[in-house]
Amino acid sequence: MAVDKVPNAPHDKATHDNAAYDKAAHDNAPHGEAAHGNAPYDVVVIGGGAGGLNAALVLARARRRVAVVDSGSPRNAPAAHMQGFLSRDGMAPKALLEVGRAELAGYGVEIINAQVDRIDRTGQPKGKPDSKADRAPAPASDVPRFDVRLSGGPVLTTRRVLVATGLRDELPEIPGVRERWGKDLLHCPYCHGYEVRDQPIGVLGTSPAAVQHALLLRQWSSDIVLFPHALELAAEDRERLAARGVRIMEGTVKRLVVEDDRLRGVELAEGHAVPRSTVFVVPRMVPNDALLTELGCERDDKGWVTTDRTGRTGVPGVWAVGNVVDPRAQVVSAAGMGAAAAFALNHGLVDEDIEQAVDAYRAAIETHHATDEHSLTPALAATTGRQ
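The sequence shown stops at residue 1460 when you use the working numbering, and every number in between is there.
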């Protein structure tokens, strides 16, 4: 079958324009240094729990250069197992993180064991001053940049930041509480309720949420005792507890009774001990959000940094996922939040890459036009506004 041969184009203006385009395209290729300006990382993830690691995984698979900075103190470290994560039910939290780190290493993600002291914004949105107005979600034309400063001096320069630093649980100052935390003193019924089903369970009334906690735990055991401690119960609360079959043990809690490294009961101030094999408590949850608030991220009326559904905060280029912004997030949901943030981050970076490529392309054509006014084809002239 005969094939018509396409004649070679003459060495004229189109050839020169193609050369200019090829240079601009090469300089702005997705993985070239020029595409990233002076930022060696596309995203620095701060926090190596499920949310941070899953975000890093998705970003690495999108061929982004990612670093994860982790201080090595996960919230669920005291727990021997985690539950409610499909295919990982009963897995040790530490094991999950080890597997996650190994998977990231296979994609070239850098894992840095360090503490972040602060994050500095080094790039500002185009045409906007450094003011509160900058904290609104940024359009694609904005070019945020950050220096992530680690303890000891190293600095990571990055295009975007994702914070997944979790929260800390502030426990009541009752002897035995801190020592048994994560063992037989627990918080989440959905994490641990099944493992202590049908056992004698106590609930410490050290939080206004303790009443609802006791009512909820009745789903897992018929033997629930609420210790109001210093909590004043309303008549309606007492009625609901009675209707649900939850007993109330009045008096101030003195300590948790522990023998042979096992919880045996709850001792009241008057000396009476109530046998219990497991006790639940509602801790005060405090987000580790100093890095976010120092950047200007705003909190809601409950004290949590606000984000959209993808984890984007009000500061351009800054995302947050997991318990640092949502106290209800479990391991599996934090991982999902990380994936959603990674999708949005990559889309935003692609938009920025495209804009930079277009700018470079136009600059190359303008330079070419300056040296050869008559070299532009009509199509390229229309692109540059010269007709």
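Keep in mind that the hints were calculated from the coordinates and are not lab data.
It is possible that some hints are incorrect.
To be verified - Derived CB-CB ranges, DEER-like:
1. E1183 - E1332: 21 to 31 Å
2. S1295 - G1324: 16 to 26 Å
3. A1363 - T1325: 30 to 40 Å
4. R1134 - V1228: 55 to 65 Å
5. E1243 - R1191: 17 to 27 Å
As the list claims (entries may be wrong) - Straight-line Cα separation of at most 25 Å, SDA-like style, residue types lysine to any residue; simulated pairs:
6. K1167 - V1355
7. K1256 - E1171
8. K1256 - R1270
9. K1327 - L1244
10. K1327 - K1375
11. K1256 - A1363
12. K1256 - G1369
13. K1256 - S1146
14. K1256 - E1246
15. K1375 - A1282
16. K1256 - E1305
17. K1327 - E1305
18. K1327 - E1252
19. K1256 - R1335
20. K1167 - R1335
21. K1375 - A1346
22. K1327 - E1340
A virtual CB, placed ideally from N, CA and C, is assigned to each residue, including glycine.
Do the hints match the structure? See the list:
no., hint, result
1, E1183 - E1332: 21 to 31 Å, "violated (47 Å)"
2, S1295 - G1324: 16 to 26 Å, "holds (23 Å)"
3, A1363 - T1325: 30 to 40 Å, "holds (35 Å)"
4, R1134 - V1228: 55 to 65 Å, "violated (27 Å)"
5, E1243 - R1191: 17 to 27 Å, "holds (24 Å)"
6, K1167 - V1355, "holds (24 Å)"
7, K1256 - E1171, "holds (22 Å)"
8, K1256 - R1270, "holds (15 Å)"
9, K1327 - L1244, "holds (15 Å)"
10, K1327 - K1375, "violated (31 Å)"
11, K1256 - A1363, "violated (29 Å)"
12, K1256 - G1369, "violated (38 Å)"
13, K1256 - S1146, "holds (17 Å)"
14, K1256 - E1246, "holds (17 Å)"
15, K1375 - A1282, "holds (15 Å)"
16, K1256 - E1305, "violated (28 Å)"
17, K1327 - E1305, "holds (17 Å)"
18, K1327 - E1252, "holds (15 Å)"
19, K1256 - R1335, "holds (9 Å)"
20, K1167 - R1335, "holds (23 Å)"
21, K1375 - A1346, "violated (37 Å)"
22, K1327 - E1340, "holds (6 Å)"
In this structure, the earlier hints numbered 1, 4, 10, 11, 12, 16 and 21 are contradicted, and the remaining ones agree with it.
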